[in-house]
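Enquirer: Read off the chains here:
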Amino acid sequence: MEHMHNDTNATQNTGCSAGCGCAAKDAEKHPARTYLPAVDLLHSQDAYTLVVDIPGVPHEGIDLQVEKNTLTLRATPTEGTVADMRLAYAEYGVGRYERTFTLPEDIDRDTIAASLKNGVLRITLSKVVPATKRISIN
Amino acid sequence: MYWNRLAAMAVNDTQKGTNHLIGRMIARQRPAGPAFNIWVNDEGAVLTSEIPGVELQDLDITVSGKSVSVKGIRKDESTEKEERYSRKERASGEFERIFRLGMEIDAAAVQARLANGVLEIRLPRSEKDKPRKITVTAD
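The listed protein sequences correspond, in order, to chains A and B.
Under the numbering used here, the residues of the first sequence are numbered 1 to 138, in order.
Under the numbering used here, the residues of the second sequence are numbered 1 to 139, in order.
Check the hints yourself; a few may be wrong.
Residues from chain B shown here face chain A by an in silico Cβ test under 8 angstroms; the list is partial [what the hints assert, rightly or not]:
#	residue
1	V40
2	K88
3	V118
4	T135
The set of hints was computed from the structure by calculation and includes no laboratory data.
Cβ atoms here follow ideal geometry from the backbone N, Cα and C, with glycine treated the same way.
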């Protein structure tokens, strides 16, 4: 059962798949493309973990926001070009990453934490312990 | 015009290890392994690749003559705790990519750098392979 709805339609991947030949042109002429980053979703007893590939993005390039039940990630990489060289062959383009996620009800929105290592962003979403309330019957 | 392009000399990508990778890389018929870009000028070439999650110690770069081989392993995330996958889009496993460039590489001067999951390999052209200007003298 997948609790977390992954809102793929919200962000369209405007980049072509690599290898189609236009990636070369993209990287040189259209550095402002937006890509949909690859994501793994893991779950355990008490938390969900989102693992997102955002190669080329430094700490300061990450913008992570929660609004109501929507988590939005926007990430801007450093420039992907090499100075004084021409791109002779390309399999990937460099551009911004963007993806939104719809969070399930049982997430504690105040304790969402994220860490970046080697171009991989890990977002930890803790589950709230459901508060039981006993209703007395008169 | 055509012979002035270095693009033609840059690539001859031989693949290995197709069966090691799972996920979108194969689904989209991409090469078996991470994507690479190749940059060139008269002084040499630079290979860049997006390899998020690959540790420095899991990379093995070999340069010989005109060939560059990049081997590596991207480990699964789910090795710790009692975590289970609900969704998996990120490819993992071993990969090897071999590129044959159109120039001799000075293997001793090769430099590689890994930053934020992006690999950059600087491959200076060997001195004897560099183009030489020939002066034409009149009679």
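Enquirer: When the hints from earlier in the document are held up against this structure, which numbers fail?
Expert: 4
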